[in-house]
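Protein chains in written order, with the working numbering: chain A, 1 to 142; chain B, 143 to 510; chain C, 511 to 910.
Rather than coming from a laboratory, the hints here were simulated on the basis of the structure.
Any given hint could turn out to be false.
[Unchecked claim] In silico DSS-like links for lysine-lysine, alpha-carbon gap of 25 Å or less: (1) C:Lys592 / B:Lys490; (2) A:Lys124 / B:Lys192; (3) A:Lys139 / B:Lys490; (4) B:Lys438 / A:Lys81; (5) A:Lys81 / B:Lys192.
[Stated by the list, open to error] Which residues of chain A face chain B? A few of them, derived with a C-beta cut under 10 Å, are: (6) Trp27; (7) Arg32; (8) Glu64; (9) Met123.
Virtual Cβ for every residue (Gly too), placed ideally from N, Cα, C.
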Amino acid sequence: MTGQHLADRLAFGVPRAAQTWDETAIWVDPARMADVARFLREDPDLDFQFLNSITAVDFIGHLEIVYHLTSLIRQHTAVIKTRLYGREDLSLPSVIDTWKGADFQEREVWDLMGVHFQGHPNMKRIMLWEGFEGHPLRKDYL
Amino acid sequence: MSLRTEPMTVNVGPQHPSTHGVFRLRITFDGEEIVEVEPVFGYLHRGTEKLAEERNYVQIVTLTDRLDYVSSMINNQAYCLGVEKLLGVEPPPRAKYMRTIAAELQRVASHLMGIGFFLQDLGTLGTPLMYCFRMREKILDLFEMLCGARITVSYMRPGGVLDDAPAEFWPALDAFLEGFPSEFGEIEQLVLENEIVMVRTRGVSTLPLDVAINGSVSGPVLRASGLAWDWRKMDPYDAYADVEFDVPVAAGGDNYDRFWVRMQEVHQSIRIVRQCIQQIEPGPVRLALPLVLRPKPGAEAYGRVEASKGELAFYLVSDGGVSPYRMKIRSPSLINLTVTEHLLVGWKLADMIVTLGSMDINMGEVDR
Amino acid sequence: MSGLYQFIYETAVIILPSWTSHLVAGLSIMIILVNAVLMGAAVFVWMERRLIGRFHNRIGPNRWGPFGMFQPFADMLKLVFKEDIIPANADKPVFILVPIAMLMPVILMMAVVPFAQNTALANLNVGVLYVLAVTSVTTLAIFMAGWSSNNRFAMFGAARGVAVLISYEVPVVISLLGVVLVTGSMSLADVVSAQTVPFLLVQPLAFFVFLAGTSAELNRTPFDVAEAESELVAGYHTEFSGVKFALIQAAEFGGVAASAAVIVTLFLSGWAGPASAYLGWLWFLLKVGVIAFVFIWIRATYPRLRVDQIMALAWKFLLPLSLINLLAIVLEVFFLRDASGVLTTADLWIMAGINIVLAVSAIALFGSLISEKVSPNIWQPGAGLPEPTPAVAFPAREVR
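I would like the entire structure built from these sequences, with the hints used as guidance.
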């Protein structure tokens, strides 16, 4: 599903959440991520029941959180992205209430990339041990 | 009459005979019944994603072998598909068929391990496991002919496969396909309708379809819950569009169904390999790509396959350099474990081990 | 007082004072017993490992000695040289007592088994009762092991083991009552001589219950919940190492050998066979080998039952069967015996005919009652498969 189409639908459900879009993806406001997620799942036209993956990419200036989604009934996919600027105390709302499958993936993003997900019931390190310093997948971690 | 009982917390793993690697579960028991579960990971974390940022695109193939070390071919395939999408190239048809054959053989080998260890967890004294290993051994011999390695194969490359199969590979493959059904039939007869297997697994740890979908569960575990969702059908890659196969589904979502779906998928994989042998035609097996690949800056791709454990995907982002800017591995084993709590709470200790066996996780992939 | 004891005593008393001779005779008997059990365990370990190897399509141990026969001794030697670890928080005296308490009942059980004509080490007139009493001590040993180890897996194993052992004691005892009724004596020598027709044929139901009950008491699959390797690491003996582990293993495998001997005595007419006056020991050992093979075969074949299912099997299946067997035997003995209370061989054959029919029908009836209504899956290719559309693939982002 193109970003244009997504933005059109999203304008009904969560107005002004979409920031920009292109052929492959749509960028949304990080603060409204939980609302966007709920709308994406519950809107009958979009129907994104299945969360494929959550990941984060460190672009030095900003971090990009990428959500890959699939609709099992309508059989289309979407890529939702959101940008977080800065290096310290990054956080955005968790989508675990919408997709339980986000549980371990959000913990992994926190562990390795240092993005805190608000509303996640068990936000602690997953791969590394408690007390580990830094977030190793960031570009400035050597 | 009610007895006063106290809950007891036990660490199952990371050193335990049947946690399939270094998996740890903190379980609170009330008697033998499970009241609370917390999975703890990370004992096998090797930082594959970070390592990939330091290697070039061809070198990373060897890293993928070590993710799910019982299905390295499929890991190779997922990664190579990702890189090909990133570059916007297509491998030659013969390479596609070679990949499909290798991946399906690997799926059989991986499912055999899953089936064998599932039955081992049920308490058999290794007899079915040894039967499974005997069959898997022959597949590994075939891989040895293809690429000289048995476990960490590194057989596939972005743009094709390492090399064409040697002449002796094809008769050996035919001989294997000839003998496999009767050998597999032996173990099917032993366990598929065994009374004890049935009472131990039927109706135990059921996973309803909505919970499975919401928990992002994929692969045989999802299909056992009743949805025929297979990326080989839904998003055909390599030669899967040209072959016929069925997607086995079960309705109950219990331990037996998960085990049963794997047993049936083995038959389908053999069917695919047979068709591939008939359809494959001579030709080049590898694109003439430069040794050091440089995708365009800003390109990204999501290379995905239906691995033996579920949806395995490599999300690659390029900055134009010789190595990926970011490589994320969507590992099915880890994400299937999201539903652990739903599956285990309320069941007994003995069922817990069997349920873990029916999930068929691999710690190399969970921890990466 | 048995023949062997008498013989040693009378030989010794020629040169020694009487009390020393008693001592010598007693000690000799003890040495024979302990070695018989340990050798029996060793032979059984070798047999089991070789056979399970064959069941697995492996070769099994074949390095040391002919056909790897000395493998158990090598294992034992290795274990003896291992460090003997006692966990810091273990209950030390109990922990140390456990291997002894495990091995003791097995050795004591062997004492009353007649290996050949007049060769029981002690021909007790309450032999059957004695065997039952002595095997119950294992329950205590298992609980001691679980409790003293201060390990939760061991505690799980001990709790399960005790529950299973106590439950299975009941059908086993009731099934043995039939044997005692027909024999009219509790002495194992009398049980053997009463078997002009092997009791396997006369009371197949009792044999079935006793075999199942014994494999549960010996912790062998499908009843091995107490040491369920894949679940409880090693169950009650998780924390034992070195010599203690070796003794526990010896007790376990010796237990199987001893139980096979008891089963042979009770149901397979012991040492009876052609030329049994001279070759009795040979028939006995052959029969023990057959029973041991059955134990190994079952172990290599079946998955494990869950602990609640094992309990259900004991109380809902084996107990009714043993009661039916007892009732049938009581009625048959009442109607068939002659005025002096003796059963002839012809009577035994009549009983065998009736009881075999009874056994088959009772097992079929209760088997169908207890079996859970489970059915295998039916193959439905691609049911509910939506038609794929190409849009499912994630688009690759290309930058020009």
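Quick rundown of the hints versus the structure:
Note on Lys592 (chain C) and Lys490 (chain B): the hinted pairing is violated, with a Cα-Cα distance of about 35 Å set against a maximum of 25 Å. Distance check on the hinted pair: Lys124 (chain A) and Lys192 (chain B) sit about 20 Å apart at the alpha-carbon level, within 25 Å; holds. Taking the CA atoms of Lys139 (chain A) and Lys490 (chain B), the gap is about 45 Å. The hint is violated against a cut of 25 Å. Straight-line distance between C-alpha atoms of Lys438 (chain B) and Lys81 (chain A) comes to about 20 Å, which keeps the hinted pair within the 25 Å bound.
Proposed proximity of Lys81 (chain A) and Lys192 (chain B) is supported: the alpha carbons are some 21 Å apart, at most 25 Å. At a threshold of 10 Å, the smallest CB-CB gap from Trp27 (chain A) to chain B is about 13 Å, leaving the interface hint violated. The restraint placing Arg32 (chain A) at the interface with chain B is violated, with a minimum CB-CB distance near 21 Å, outside the 10 Å limit. The interface hint given for Glu64 (chain A) is met, as the beta carbon of that residue sits about 9 Å from the closest beta carbon of chain B, less than 10 Å.
Given the 10 Å rule on beta carbons, the hint for Met123 (chain A) is violated: about 14 Å separates it from the nearest Cβ of chain B.
This entry does not satisfy hints 1, 3, 6, 7 and 9, going by the numbered hints stated previously.
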